Structure formats: C-alpha cells, structure tokens
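From first to last, the protein sequence lines stand for chains Z and W.
The first sequence begins at 181 in our numbering and counts up one residue at a time.
The second sequence begins at 12 in our numbering and counts up one residue at a time.
The set of hints was computed from the structure by calculation and includes no laboratory data.
If you're wondering where the values come from, they're calculated on a predicted model, not measured in any experiment.
All clues given are correct.
FRET-style restraints, in silico, Cβ to Cβ: (1) Ala572/Z - Arg209/W: 53 to 59 Å; (2) Val22/W - Glu740/Z: 33 to 39 Å; (3) Ala572/Z - Glu259/W: 43 to 49 Å; (4) Asp178/W - Glu376/Z: 57 to 63 Å; (5) Thr241/W - Glu453/Z: 31 to 37 Å.
Far from chain W, some chain Z residues (derived; all Cβ distances over 10 Å): (6) Asp206; (7) Asp552; (8) Ile728; (9) Ser861.
Where is the CB? At the ideal position from N, CA and C, for every residue including glycine.
These are the residues of each chain, in order.
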Amino acid sequence: METDKEELRIGVFVCHCGFNIGGVIDVPAVVEYAKTLPNVVCAEENLYSCSSEGLSLIKERVKKYNLNRVVVASCTPATHEPVFRKACEEAGLNKYLFEMVNIREHSSWVHMHHPKEATEKAKDLIRMAVAKASYLEPQIEPELEIKPSAMVIGGGIAGMTAAMSIARQGFNVHLVENEAELGGMLRYLYKLQPTERDASEVLREAVTAVKANSNIHLHMSTLVQEVKGFIGNFGVTLQKKDSNEPEQISVGTIIVATGAEEFKPVGMYGYKENENVITEVELEQLLKKGELQEPKKVVMIQCVGAREKTGRTYCSRICCMVALNNAMLLKKLYPDVEISILFRDLQTYGEYEDFYLKARENFIDFIRYDPDKTPKVTSKPDGKLVVTVYDAYLDAEIEMDSDLVVLSAPLIQHEDGRKLSSILKVPLGPDGFFLEAHPKLRPVDFASEGIYVCGTAHGPKNVTESIAQAYAAASRAAIPMAVRKIRAEAVKASVDPEICVGCDACVVSCIFNAIEALPFGQPHIVEANCKGCGVCAAECPMGAMQLIHFKDEQIVAAIEALLKPKKLTSSSESFEPIVLCFACQWCSYAAADLAGVSRIQYPPNVRILRVPCSGRVDVLHILKAFLNGADGVIITGCLIGDCHYIDGNVKAKSRVDVMKKSLKALRVDPERLEIGFASSSEGQKFATMMTNFVEKIRKLGLNPLRVKEGGD
Amino acid sequence: MYKIVTKRELVPHINLFEFSAKEIAAKIKPGQFVILRIDEHGERIPLTVADADVEKGTITVVCHEVGKTTKQLGKLKEGGHILDLLGPLGNPAEIEKFGTVLCIGGGVMVAPLCFQAKAFREVGNKVIGVLGARTKSQLIFEKEMREACGELYVATDDGTKGHKGLDFIKNLLKERKIDRVVAMGPIVTMKTVSELTRPYDTPTIVNVIPIMVDGMGMCGACRVTVGGKTMFACVDGPDFDGHQVDFEELMTRLKMYSPEEKLAFIFYEKGRRSL
Numbered sequence: 181m182e183t184d185k186e187e188l189r190i191g192v193f194v195c196h197c198g199f200n201i202g203g204v205i206d207v208p209a210v211v212e213y214a215k216t217l218p219n220v221v222c223a224e225e226n227l228y229s230c231s232s233e234g235l236s237l238i239k240e241r242v243k244k245y246n247l248n249r250v251v252v253a254s255c256t257p258a259t260h261e262p263v264f265r266k267a268c269e270e271a272g273l274n275k276y277l278f279e280m281v282n283i284r285e286h287s288s289w290v291h292m293h294h295p296k297e298a299t300e301k302a303k304d305l306i307r308m309a310v311a312k313a314s315y316l317e318p319q320i321e322p323e324l325e326i327k328p329s330a331m332v333i334g335g336g337i338a339g340m341t342a343a344m345s346i347a348r349q350g351f352n353v354h355l356v357e358n359e360a361e362l363g364g365m366l367r368y369l370y371k372l373q374p375t376e377r378d379a380s381e382v383l384r385e386a387v388t389a390v391k392a393n394s395n396i397h398l399h400m401s402t403l404v405q406e407v408k409g410f411i412g413n414f415g416v417t418l419q420k421k422d423s424n425e426p427e428q429i430s431v432g433t434i435i436v437a438t439g440a441e442e443f444k445p446v447g448m449y450g451y452k453e454n455e456n457v458i459t460e461v462e463l464e465q466l467l468k469k470g471e472l473q474e475p476k477k478v479v480m481i482q483c484v485g486a487r488e489k490t491g492r493t494y495c496s497r498i499c500c501m502v503a504l505n506n507a508m509l510l511k512k513l514y515p516d517v518e519i520s521i522l523f524r525d526l527q528t529y530g531e532y533e534d535f536y537l538k539a540r541e542n543f544i545d546f547i548r549y550d551p552d553k554t555p556k557v558t559s560k561p562d563g564k565l566v567v568t569v570y571d572a573y574l575d576a577e578i579e580m581d582s583d584l585v586v587l588s589a590p591l592i593q594h595e596d597g598r599k600l601s602s603i604l605k606v607p608l609g610p611d612g613f614f615l616e617a618h619p620k621l622r623p624v625d626f627a628s629e630g631i632y633v634c635g636t637a638h639g640p641k642n643v644t645e646s647i648a649q650a651y652a653a654a655s656r657a658a659i660p661m662a663v664r665k666i667r668a669e670a671v672k673a674s675v676d677p678e679i680c681v682g683c684d685a686c687v688v689s690c691i692f693n694a695i696e697a698l699p700f701g702q703p704h705i706v707e708a709n710c711k712g713c714g715v716c717a718a719e720c721p722m723g724a725m726q727l728i729h730f731k732d733e734q735i736v737a738a739i740e741a742l743l744k745p746k747k748l749t750s751s752s753e754s755f756e757p758i759v760l761c762f763a764c765q766w767c768s769y770a771a772a773d774l775a776g777v778s779r780i781q782y783p784p785n786v787r788i789l790r791v792p793c794s795g796r797v798d799v800l801h802i803l804k805a806f807l808n809g810a811d812g813v814i815i816t817g818c819l820i821g822d823c824h825y826i827d828g829n830v831k832a833k834s835r836v837d838v839m840k841k842s843l844k845a846l847r848v849d850p851e852r853l854e855i856g857f858a859s860s861s862e863g864q865k866f867a868t869m870m871t872n873f874v875e876k877i878r879k880l881g882l883n884p885l886r887v888k889e890g891g892d
Numbered sequence: 012m013y014k015i016v017t018k019r020e021l022v023p024h025i026n027l028f029e030f031s032a033k034e035i036a037a038k039i040k041p042g043q044f045v046i047l048r049i050d051e052h053g054e055r056i057p058l059t060v061a062d063a064d065v066e067k068g069t070i071t072v073v074c075h076e077v078g079k080t081t082k083q084l085g086k087l088k089e090g091g092h093i094l095d096l097l098g099p100l101g102n103p104a105e106i107e108k109f110g111t112v113l114c115i116g117g118g119v120m121v122a123p124l125c126f127q128a129k130a131f132r133e134v135g136n137k138v139i140g141v142l143g144a145r146t147k148s149q150l151i152f153e154k155e156m157r158e159a160c161g162e163l164y165v166a167t168d169d170g171t172k173g174h175k176g177l178d179f180i181k182n183l184l185k186e187r188k189i190d191r192v193v194a195m196g197p198i199v200t201m202k203t204v205s206e207l208t209r210p211y212d213t214p215t216i217v218n219v220i221p222i223m224v225d226g227m228g229m230c231g232a233c234r235v236t237v238g239g240k241t242m243f244a245c246v247d248g249p250d251f252d253g254h255q256v257d258f259e260e261l262m263t264r265l266k267m268y269s270p271e272e273k274l275a276f277i278f279y280e281k282g283r284r285s286l
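Given these sequences and hints, build the entire structure.
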C-alpha cells in the first residue's frame, strides 16, 4: 500500500514550545519512545519547532536521513500546519507527506496537572500519526484558469449594483433579466425609507449607468436554461423569450440576484374579495400613480402570512418599516386621515426606532394583536370595511370603520428562483430563499465555488441592504477573476472503478454536485466542485470512493495504532478508559484548541483524531475502533446548521443512530458511542462534553472487546 | 425451497440464476419481478425476471453483487436452494404492436430487457436494442440481445466499447421513426434516456424497482412520485412513464438505508473476527 513501495523513512520532531509543552510533557521520553516506532529513522526535540532554527533542523534532517515522511508534534495545525508544510517543500518533500500532532492544545494545556498522563497521551497521538504517515501519498494541487467575466442573474437593484461594480473593475458582465425592462421590484416602489427618495429616481440613475457601461452585456427577456461546469469556466445556455435559438456564453463567476416577490394573501382579510383590501406594494403603486382616493380611515395589518407556525415561519424584516413609511406618506398627503397599524411585534431596529417615534407623534395609532386572535375584516353592503381587533391592553374588542385596509405580506421566493436553484444546483433554505455557504462566515458565497448571492433572492431586505450585499457579492466574485488562477486543494474524492458497483450512493450524498452519474451509473468526480468533506467516501457501501489524504486505510491505521497496544490480557485488569474522539477540522477541532488556549482541563483519556468533517466518519471507522477495544467513541462536529459542508454533521448523526443499533448486536453498549456538536467558540462546552463522556464510560467500565482473545 | 437449476457467472460479480419454480414460470410475464429470500434471516430482494420456461418450470434472473444479500446469493452453487421465491409481482410490461421499439438497457437490467425485446419482436415490432454498461468488462447478454433485436448498439460510460454515453441515441430519435422507448437499468440510465426522448415526445417507459419490502402494496416502501402523484412501484408499476417520474427523489429514497447496508456488508464481507 505504501507509495511506490519505497522504504519508509519517517522523521518525528517533538516540540517543547518553551515551557508550554515541555513544562508538562516529558519531551525527551516522548522522543525516545518515537524512535521505537516502526519506520521512524530519526526523532528529535526542538525548543521551538516553528522558529527558524527549528525549521532549519527539520529541513536538514530530511536531507541527512533522506526522510520521506515528516511528523511534527507541537501545537495546532490550524495555525502551524502551513509553516511545517512549507518547510517540507523547501526540503524537497511533498507537503502531503507531512502529518501534524497537536500535543499542546490537546494535551499539555488541558492536562496541566497530569504530566504522566499527558506524556502518555503525547506518545499515543504520535503513534497514531506515524501509522497514518506510513500511508500518506504525495499529491499535486491542480491549477484552474478563471475566465475574467461574470454573469449576474437578475436586473433589479441588487443585480444592477453588482454588475456595475464588477464592470467598473474592468471585467465583462453578462446581466440576465427575465423581464423586458430593468429594475425588478424597485419599479413598483414609491418613496424609499428613511429618506423619502423617489424609487424611480434611484432606478433611473442605476439603469442609465448600467446601459452606458460598455463592459455590461444586457440579456433582456432572457432565462438561464442550463449551467454546466464550475468556477472559472461555467458554460451557460441562455434562452431569449421570443427566440428559438438558445445562446451560449461562458463565464468565470456567477451572481444570483433574482430578487423575490410579495406574497399575495388571497383569502386573508378579504384580499381579492374587496377591492379596498390591498397590499403595501399595491398601495405604493397607487400613490406613485396618484390614483389613490383620499381615505378617511386606513387600517394596516402586519405579519399577514408571515411568522406562521408552519410554512412561512420567518419574519420578512422590512414590512414594519414599509408600513411606517407608507403611513407617514399618507399623513403628509392627507393630514386628516386616521391610520391604525395592527401589529404582532414592531421590529423597528436601529435608526428605524426614530421612525416609529415620529409616527406616534403624528398620531398614528398602534394596536397590538394576538396571533391567536387575529383581526377580522368584514365588508358592509356599501363596500365599506369594518375591522375588529382584540386589544389585550383594553381587554376588549375594538371595531373600526375603514375605507382602506393595507396588508403587510412577506417577500417570498418566486417560481423562477426555485427553478434556478436546481439549474445552478445551489440550495434553498427552509424559508425558500437561497442559502449561503455559512450563515456567519460566508454570507454571500454559495457552497459551490464561484457562485454568489445578493439582494432579496437571499431573503427579505431593504434597498440599502440589497445594495450593500451586491457590493459584497461583486467583490467576492472579483477575487478569483483578478487572480486569474486558483490552486485547488488536493484533498478530493477519488473513486476506484474496479471496486465501484455503480450504485451512485456517492452521487446522492454529495451536496456540492461534485459527483455526476454517467448514463450507466459510473460516478464521475467534478474535481473543481469537490470540497473534500469525504461524505461520499463514508456513504460508499463498497469502499470504492475514498477521500485523498483521509483514506480509510489512513484513518484505520491511526485507529489501530492507538488501540492495539492498549489491549488488556484479562477483564479483571485495572483499566483507564480509552476514548477516541473524531473531530471535524473546523468548529469542533477549533473548540478543542480553544479549550487548550483557555487552559480548561478535562480528563486525559481522550485521543483526538482530526477528520475534514464529522460526515467523513464511516461506520467502518467506528466499528474498527470498538472491535480494537476503544472504551468509548465520540464524534464531534460543527453545530447543526453551521457545518462547513452544509449537512455533513447531520449525516454523521444519522450514521451514529444506525451504528448504535448495530452495536447492540456486537454486545457493545450503544452508550459507548456519542455525537456532540460545538462551535469554535465553545471551548468550555467541548471540555465539558469530554469530561461527561469519560465519566460515563468510566461507569460503563471496560469494553469487553478490549480484552485480548483467549485472555478472557 | 427453490432449487438453483443453473448458475452461470456472466462476468465477475454478475451471475445468472435459473430457479425451479413451476407455478411462477407458468404465469410470469416480461416486466414482472419476484422477491426472494435466501434463508430465514434473509433480506427480501426484488429481482426482475429475465426469462421463464413454462415447460421446464423455471425462471431466470440475473443479479449483480452489490451488497450483503446479493453477495451471499452469488456464493450459492448450482443444485443449491433458496428459501423463498414470491411472484409474479408487479404488472406485466405492455407488449403490443407499436411499430419501432427502442430498448435501452444498462447493467444487469439488460437481461430482463432482453426478455421484453423478444416479446416485442414476437408481436411484430421492429426492435432496436442498446446494450450498455459502465465499462466493457461489465457488458452482459450481448449475444442474446443481438438475437432478440434486429439492430443493436453498444455503449459504455468510459467508451471502452461502443459509443461513449447515450448522446448518440439523439440521432436515432431524430433520423428514425421511433414509436416507443423502453429503458431498464440504473435509475440514472432511465433518467438520462427520459431526458433525451422528452424533446421528441417519444413515449418512454421505465422499469422502476425502488426499495421494497412486501411487493404487494401494503408497506409503501416503494413509493415513487409520478406526475406529482405518489405511486407504489410494486402494484402501480413497475413500468411508468419516464417523462413523469421524479428520478431525483427516487435516487435519494434508494439510498435511505445506506449506512445500514454498508454495515451489513462490512459484517458479511469481513466477518467480525478478522476486522
């Protein structure tokens, strides 16, 4: 299995990190131990491995001993792996032949009062890394060319802003709009809050600028029919509505700015039954055209079809401000009009609070209604309306005559947006809006490289927010186009067609559309789309799909190296629980690091094995761990909803549930297996999780399978 | 108990079995399937029938070793027995004189497709066959298909034999008058074929075998969305209009038990001791 069957020559470098590691762990003893491990030809200690002296020593030893694998036991790879990988490359060794062991954040800093156990743990972790290193393979990182042109889908204010921003940076932009004119929702709005600027004025300026820019190619009345390829080179088929011949363009990046539409609350509060019941957007159009007859009494109802118990559960964010704005405009136009706003909660954040106070000063009446006792709108024979609402403060029903009822309905995803989601293979969230790669860290990126989102396609927003997000998306899209080339990670899925049976479990499991099924079932990996999470490898029933650098043989080698020497000869022997913790390289590994940085102590029984995503953890790995005698196995991942690969942690959880049932059949207590989630800021939570789990395992006692065969 | 009258390895990991099952053989028609169970702890697996010999009282199935049960089945020898064989299940394929029928088969499903191709020809259709697999070494039934179809094309995903992929059938659809297309194979094969025929409005029939339990419309495991309606493949199918089937959902549903399947396979393949 080893590369080229060359003789393995592994060098191990153990860092003191001053007193940080050396103050707790007996580094010389660890070095002596490392020398005894298979294929290790050199083991050394460093005061500071990452110092120029430390790095020179590593490079010098690589040459002197002709090392073909390097293991450094020091701090967290999150910060220092690039440093050591670079040193390896400088010494002429492929950087994928380097393996890092974290004995600072994961040992000396979290077991400060247990030097003996911390030293033992360092030895175990190094043994695991050496075993994995034996199976490492050199990799080449492929380079991708990026076409310096973008496609912006949607010619509303967000799309126009993004297109302008990209065009001004000197790139070509194809702006695709499905209607015959630019402007989107902005065309229907009247005056924008909070400045009362005319929407049509804002629109005119934007449209003029877009049309005047020679870098922008407009595709009006055009739909995106098909998108193939990946970042750098997307092949797009456009279909003009009045033409039979589709048009082909190719672009390096794509921005989705398809907007949203106002929900039409047909059947609610007499909408579409009485013509005096309208929505806020319809009110703005009447105001804009000057077609509104002076009303005496206007009732506005908030949260119509929004914040529901199921379906549209979300708050549409902008409606409170829209209602306030329109109410104030009405007051200005017709000072005698009476206005009541019926609301559930007024969410006038930030500066809009002033707006609300001003509305009160202008005698706009606010009445809170209970979502369980929604207002009622009835029509009188003369067409006038009566609104009844239960006012909790008065504990009474109020009845109001009204000649205009205006409903605040939420923005919703439209049908074209849904279609586009499947064409681009980018996800929609539970609210139906486009879902970004990460809610905190990657707010305008899609999980698929080279595709970005802005404006109300991503969720309800006002014009200012849409513009800000459009600039953000444009600047994200400009990065690869400016660099022209990107280096892709070598950690990718890879399939062995000899073992593959063509079941396409990998195709279904890949959320990034990085695996296509060819017509007769052969999976084909689109490397540019692969993020390296390894979910497909864990789902593959045959083990034909593997994740480079985290192959089954590499992970299993580490597991066996940890556990085989820990076997006991009889069940009566006294034992210390051995807990194997799979940690995803993002949040949960960072949480473990933070526990270390914060010196939060937890029992030294835990051995952390880094995987790209909790979703990479295969039932095979868990099985191997228990059969080799692990007393407990805990898988840790990002918080649900925060997974860096969208839902790898959810898949891990469902696998754990399945595995628990099967453990019963092995007579291993299912309680020995657990999955936990922590964000990168939850060092304390991670430590508590480990403490509680080790305590639980201690109570459960020895895993019977840890006893050597024949010894029990 | 049902006897294995014949077992033949067609290519590595794909086996043909002829079971002695007189009652089933007397009734089963192309397009229908049987559910078998190897032993009393066995999983029930649906297999589409690839032939029936009324006189000998035997039925034929072809099975690819893709998991625990199929692997276990592959280990059985000629003369051996399986515990249960239930059938005929599902509705027979609609065999009428349509004119020209294009029969496209992928992987092991080429075998039951061949059974249909013969039937189509017998009632007077002109039959064009497409024999496909992921790669050359997985192609089966070439001789049989050549006999059953007046005209045969070969295709593979990797292009190691015949056409690469299925795009070439566009030309057939354009240049020839095809009255009906029948696709049997992996879901992606049936999906690809349906997408290719959609612009030509050629009636396209696909044979859908999702996860099944009882095969008689009771459990609902084999549900499939056809034209927005929920259907049970076992009693409403297994043949459906390919232009109406929600293939994406079908693929996802088929993988519902992947972790369980993988575990079962690891246990079976490696055995507990050697792990």
